[in-house]
Amino acid sequence: MNPVARISLIVAYAVLALAALGRSSYQISTKLSEAPVPYLVSGVSALLYLVIAIALWKRWAGVALIGTAVELFGVLVVGTLGYVEPSWWADETVWTGYGSAYGWVPLLLPLAALILLVRERRARAARTAASAAATSGDAR
Amino acid sequence: MDVYTGVVYPLVLIACAVLAVAGLAALAWPRLHRALTLITPAAFVAAGVQAITVVTLLLSGVDADMILALGYLIASVALLALLGIGRLGTPEAAAGDPDPSRPVLSPLQIARVDAAAASIVAIALAVVSWRIYVILETAA
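Protein chains in written order, with my numbering: chain A, 1 to 140; chain B, 1 to 140.
Calculated from the structure, these hints are not laboratory results. Mixed in with the good hints there might be a few duds.
As the list claims (entries may be wrong) - Only some residues are given here: those of chain B computed to face chain A with a beta carbon under 7 Å: (1) 70; (2) 71; (3) 75; (4) 81; (5) 84; (6) 105; (7) 107; (8) 113; (9) 126.
To be verified - Pulled a few chain B residues facing chain A out of the computed Cβ check, cut under 8 Å: (10) 67; (11) 68; (12) 78; (13) 79; (14) 82; (15) 85; (16) 89; (17) 109; (18) 116; (19) 117; (20) 120.
As the list claims (entries may be wrong) - From chain A, some residues computed to sit far from chain B (all C-beta separations above 12 Å): (21) 3; (22) 73; (23) 124; (24) 133; (25) 137.
Every residue, glycine too, gets a C-beta built ideally from N, C-alpha and C.
This is chain B alone, in the form it adopts within the complex (with noise of 0.2 Å):
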């Protein structure tokens, strides 16, 4: 438990933190997107943690609302799908489908929607992880 709450958690809000102002850097300054892309898979590193720690701690017998627990952890997890997902825009992707609504996206374009995206996906992540360390610290 001390794991968790002394270093995993911390971790996860500290790549909240980063992903939030990268994507809000990005949005400002476009340029900056090459930047977002790099940082970006340390959200998923934080969230893998996260859900590895968790389950461990519920299969070690913490006294915990499981469901609850796993549904957030789920949340964290399908959370990351959204990141980066201006690649959808693309060209080369939107060629490939033959939905007409699909939009095409200008590589500026692209940059500003994952840097709204990881903005959105950091403050829900960091959300989730707070009601899980919630239900984990109740526990305990």
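Just chain A, with the same shape it has in the complex (with noise of 0.2 Å):
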């Protein structure tokens, strides 16, 4: 991956996991009985944007990828529900709205990594391959 993105999305995840952790451990430590769901989906939210920030840092990419795909997972399950089923959601979490309060950036920003991430993975298989190929063809 492009390095500049790479650090580009680092940054932004370490952005939302700020948000993220002190928006839920003030809501958990405070008032985790009156909407326990949405206070803890917080929590988790925010737990995954530093897994994923730190995956993106440590260039584990296995990682990094299947923590992108949960947390869009989980913005497009909570968002969804948040509109079908406004009843279960005593208050609102990172994700309500597809992440609304926070610009739809965290309907965005796993998209655009899962996008970078994939063509990664695509290059590095094409590379190993190629390498394979060219291996195998000394041999001969």
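Could you use the hints to bring the two separately framed chains together as a complex?
Right, here's the structure in full:
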């Protein structure tokens, strides 16, 4: 992956992790009983952002790919359930309204990350295949 | 309170706007990186002035949610660490780190990373400052 894109993603995820960690730790520590599901979802999303930021930094491509896929799934499910079953949500989460409170960044960021990670994975697979073909050609 | 709402808060928003524009401009034209590095200290000053003002207000007995306000305030200061993050990719910085996943960036890439980080931080800082403003406004 282009290092500029990678570091930009790390910065974006670090900012989101900071925002979500601050919000959820406050909500969980002070008023968890009022809306346990939304506050725990926010807590999980905060941890996920942190894991993805670290995985991108450490080049743990598999962890980053799974993390962003889970994040996208979470945003879509929570966002949709927020409209379908509003009574389930006593308060907003980071992913409510597909992340509208955060400028829809929670929806757009995993899409961008997934595109870049999948592209990188394909490029790596192509390089490995080309290298293997060259090695077998040399052996003959 | 009037000093915060009338002077400090608008000052922070102006600093964020200038930083965001400079970041986007440097992203498009990396030659403007030098201008971005000159503008970056303004964000530090604005966030610092905001921190001092808000802490003074909270200590002077404003009936605001102190934990929440301080949380956002800490976030606004923590965000500043991401400004100029491209410096971590210089060959000198990477040479002293045994971490093999640490990227080494060219000057052009450093300019682009700094520009992207400045844009993201500017938006996040503006949002965090707006949240602090809302908390203090509600309390007033």
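Each hint tested on the structure:
Taking 7 Å as the C-beta cut-off, the interface hint given for residue 70 (chain B) is violated, the closest approach to chain A being about 10 Å. With 7 Å as the threshold, the beta carbon of residue 71 (chain B) comes within range of chain A, its nearest partner Cβ sitting at about 5 Å, so the hint holds. With a cut of 7 Å, the hint placing residue 75 (chain B) at the interface with chain A holds, because the nearest CB-to-CB distance is about 5 Å. Hint status for residue 81 (chain B): violated, given a least beta-carbon distance of 9 Å to chain A, over 7 Å.
Because the beta carbon of residue 84 (chain B) sits about 11 Å from the nearest beta carbon in chain A, more than 7 Å, this interface hint is broken. Residue-level restraint check for residue 105 (chain B) holds (minimum Cβ-Cβ distance to chain A is 6 Å; threshold 7 Å). Interface hint at residue 107 (chain B): violated, since its Cβ lies 12 Å from the closest Cβ of chain A, which is beyond the 7 Å cut-off. With a least beta-carbon distance of about 5 Å to chain A, the hint placing residue 113 (chain B) at the interface is held under the 7 Å criterion.
At about 11 Å, the closest approach between the beta carbon of residue 126 (chain B) and any beta carbon in chain A exceeds 7 Å, and the interface hint on this residue is violated. Contact between residue 67 (chain B) and chain A, as hinted, is supported at the beta carbon level, the nearest pair being about 6 Å apart and thus within 8 Å. Annotation: interface hint on residue 68 (chain B) holds; nearest CB of chain A at approximately 6 Å, less than 8 Å. For residue 78 (chain B), the suggested interface contact is upheld, since its CB lies about 6 Å from the closest CB of chain A, less than 8 Å.
With 8 Å as the threshold, the beta carbon of residue 79 (chain B) comes within range of chain A, its nearest partner Cβ sitting at about 7 Å, so the hint holds. For residue 82 (chain B), the suggested interface contact is upheld, since its CB lies about 5 Å from the closest CB of chain A, less than 8 Å. Checking residue 85 (chain B) against chain A: minimum C-beta separation of about 6 Å stays under 8 Å; hint holds. The beta carbon of residue 89 (chain B) is positioned within 8 Å of a beta carbon in chain A (closest approach about 7 Å), and the interface hint is therefore held.
About 5 Å separates the beta-carbon of residue 109 (chain B) from the nearest beta-carbon of chain A, less than 8 Å, and the hint is met. Checking residue 116 (chain B) against chain A by beta carbon gives a least distance of about 4 Å; that is within 8 Å, so the hint holds. Annotation: interface hint on residue 117 (chain B) holds; nearest CB of chain A at approximately 5 Å, less than 8 Å. Look at residue 120 (chain B): its Cβ gets to within about 5 Å of chain A, closer than 8 Å, so that hint holds up.
At the 12 Å boundary, the C-beta of residue 3 (chain A) falls inside the reach of chain B, the nearest C-beta of that chain being 4 Å off. For residue 73 (chain A), the condition that its CB be more than 12 Å from all CB atoms of chain B holds, with the nearest at approximately 24 Å. Every Cβ of chain B is farther than 12 Å from the Cβ of residue 124 (chain A); the closest lies at roughly 15 Å, confirming the non-interface assignment. Separation of residue 133 (chain A) from chain B is adequate, the least Cβ-Cβ distance of about 27 Å exceeding the 12 Å criterion.
Remark: the non-interface label on residue 137 (chain A) is consistent with the geometry, its nearest Cβ contact in chain B lying 30 Å away (cut-off 12 Å).
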